[in-house]
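K.L.:
Here the protein sequences come in this chain order: A and B. For the numbering used here, add 9 to where a residue sits in the first sequence, where the first one is 1. For the numbering used here, add 527 to where a residue sits in the second sequence, where the first one is 1.
It cannot be assumed that every hint is accurate.
[Said to hold, decoys possible] Computed Cβ-Cβ distance ranges for the label pairs, DEER-style: (1) Leu83(A) <-> Gly584(B): 52 to 60 Å; (2) Val707(B) <-> Asp110(A): 13 to 21 Å; (3) Ile240(A) <-> Leu552(B): 29 to 37 Å; (4) Thr39(A) <-> Phe624(B): 42 to 50 Å; (5) Leu108(A) <-> Ser529(B): 26 to 34 Å; (6) Lys292(A) <-> Leu698(B): 25 to 33 Å; (7) Leu19(A) <-> Arg806(B): 25 to 33 Å; (8) Ala540(B) <-> Ala56(A): 47 to 55 Å.
None of these hints come from the bench; they were simulated from the model. Glycine is no exception: its CB is placed at the ideal position from the N, C-alpha and C atoms.
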Amino acid sequence: MKNDKVPSALVAVISSLGIFIMIFILYFLTTEGIPVLREIQLKEILAGRAWYPTETPPSLGMVPLIAGSLAVTLVSSILALPLSLLVAIFISDVAPSFLRDLLKPVLELLGFLPSIVLGFLGMVVLAPWLQERFELLSGLNLLNASVLLGVMIVPIVASLAEEALSSAPGELRDASFALGATRWETVRHVVIPWAKPGILSACLLGVMRSLGETMVVLMAAGGAAILPESIFDPVRPLTSTIAAEMGETPVGSAHYHALFFAGLILFAMTLAINMLSAWIETKGSVIRS
Amino acid sequence: MSRRRFVDCAMTAVFWTSAAFLVLLLLVILLYVAANGWSSLSWEFLTEPPRDSMTRGGISTPLVGTLQLVVVSMFFALPIGVVTGLYFAEYSRNGLFTKILRLAIRSLAGVPSVVFGLFGLSLFVVTLGFGSSLLSAGLTLGCLTLPLVVTASEQAFRAVPQDYRDASCALGATKWQTIVKVVLPAASSTIITGAILSIGRVAGETAPIIFTGAAFYSPDFAKSLFEEVMALPYHIMVLATAGVNIEKTRPIQYATVLVLLALVLGVSSAGVVMRRRLRRNGR
C-alpha cells in the first residue's frame, strides 16, 4: 500500500493532545497545590483534624475531608455493588432475551442520569424523609449522599459487569449444564470465576465514580467538616469542599492552594483505582488467552 | 424438591427481585420528577428568561446557555476525539507512543469532574486569560468528554470491514485517500452516534463549569465566547441552594430538573437507539 507521510504525522500530532491534557492536569494540580506546603507543613495537612480555611491563620487539616470522601465511597459501595452484581447476573444469565434486550439499553441510559438531579432529590425528598423517620437534626448526611451515589453507580457497575459476564463463552455454560449443574451452580462456579477480572474492574470503576462525584455530595452530604461517627453524621468530602469553596477564595491564597492540593489527593486516589482496574483487566485477558 | 433445586429457585427469585427493585426505583425517580415538574411546564417557561430574582419566569437563558456549552465543547472534542480514534484504529502500532496515549485517555476518563474544573480554571481562565466564560467552560467540558468520543470513534473505525480498505488500496489509493474517501464515510454514522451520547454527558455536567464560566444569573444570552453563561444544571443548584425564597420556587426547580432530564435522557436515548439500529444493520 502506498503510504503518505504527512497526514499520518498530523494524525499522531493531533492525537497527542490527549497526552498534553493529562500532563496539564497534573502540572496545574502540582504547581497550584504544592505551594500550600510553604505555609503549612505536610504533616499538618494530612494529619490535622481541623478544617477552618477562612480563619487567620487558616487551619487546613484535611483528615475530615478525606474521611468524608472515604466514608461516602465505602457506604455507597456497600449499598450499591451487591445490587449491581445481582442485576448484572440477572441480565446475563437469568432474564429472558426480550427483557435482556430491553434492560441493557435502559441501564446504559441511566448511566447518563445527571448527578445534579440526584443531588436535588436528595436535598428535597430524601433529606426531609430521613429527618422525620429517624428524628434527626438534619437529613443531609452521610447516609443520604451514599444512597444517592449508590443509585448513580448501580447502572454503571451493572452495565460493565454484565459485559464481563456475558462474554463468558456459551460452551462453558453448556458443559456445566450437561454435567447436571443447576443454573445458580453454573453461575457461581463457572460464569463468575470466568468473569472475575471484569467484575472486579467494574466494581473498582464504580468505587472510583463514587469517590470523584461532586454534585450529589455537595447537595446532600450536609457539608460539615467533621469525622463521621455514625451514618447520620453530616460529612464534607474532598470533592464538595473544592466545589463549594473555590469560588469564594482569593486566587493565590493558602486556602486556594490547599483546594488544589485536595484536588491532587483526589486525583491520585482515583488514578490509582483506575490503574488497578486496568491492570486487573489486562491480567485477566492474558490469563484467558 | 432437592436442596440444590431449592437453592437454585431461591437465587432465581433473588435475581428477579433485585432487577425489579432497580427498575422500580428508577421509574419512581423519573415519575416523581415528572409529576412534580409537569404543572409548571409551559411554552412560556421554556422561552422566557428568569424574572424577579429568579422567583418567576422561565429558563430560556440557562437552556440556551447549555446548548451553547454543548456546541463549544463538541467543536473541541469531536475533531480531536475522532482523529485520536482514527489513530488507534488505523495507525497505531504497539509502540511506546500508543501505550502512553492509551494510558492518557484511560486516565482522563477517570479524572473526577471537579478536578477538570480546577484544570479549566488554571489553564483556560487564568493562564490563557479567557476569563470565566463560555469558551473556558466549553473547552473544559470538551476535555472531559474527549475520552468518550475517542472510544466511540475507535470502535466505529474498527467496525469498518477490512475488505473496504483492501479494495480501495487495490485501486491505487493511498492510505490517507482510503481513510478520507472510504473508511470515514463508512464509519461516520457510528461516530455521530458516539457524539450524540457525549452531548448527553456534557449537558448534565455541573462541577466542571462552576468556576470556569457558569453564571449565577445573567439577564441575557451570551453573545460572545468571552461572556459567562447560565446553564441548566448550575441553575438547578443555584435555585435549590442559594436562590431567593427556596421553598416557594420549588415548582420552578422541579420543572427545571424535568427539562434537564428530558434533554439529557432524550438525547442519550436517541444515541442508544441509533447505535442499536446501526449494529443490527451491520450484522
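K.L.:
Each hint: holds or not?
P.N.:
Here is what the structure says about each hint:
1. The supplied range of 52 to 60 Å is broken by leucine 83(A) and glycine 584(B), whose beta-carbon atoms lie about 43 Å from each other.
2. A C-beta distance of roughly 36 Å is found between valine 707(B) and aspartate 110(A), which places it outside the suggested range of 13 to 21 Å.
3. A hinted range of 29 to 37 Å for the beta carbons of isoleucine 240(A) and leucine 552(B) is inconsistent with their spacing of about 19 Å.
4. A hinted range of 42 to 50 Å is violated for the C-beta pair threonine 39(A) and phenylalanine 624(B), which are about 24 Å apart.
5. Distance hint for leucine 108(A) and serine 529(B): a CB-CB separation of about 28 Å, consistent with the stated range 26 to 34 Å.
6. In this structure the hint that lysine 292(A) and leucine 698(B) lie 25 to 33 Å apart at CB is violated, the actual value being about 43 Å.
7. Look at leucine 19(A) against arginine 806(B): about 31 Å separates their beta carbons, and that is inside 25 to 33 Å.
8. A C-beta distance of roughly 49 Å is found between alanine 540(B) and alanine 56(A), which places it inside the suggested range of 47 to 55 Å.
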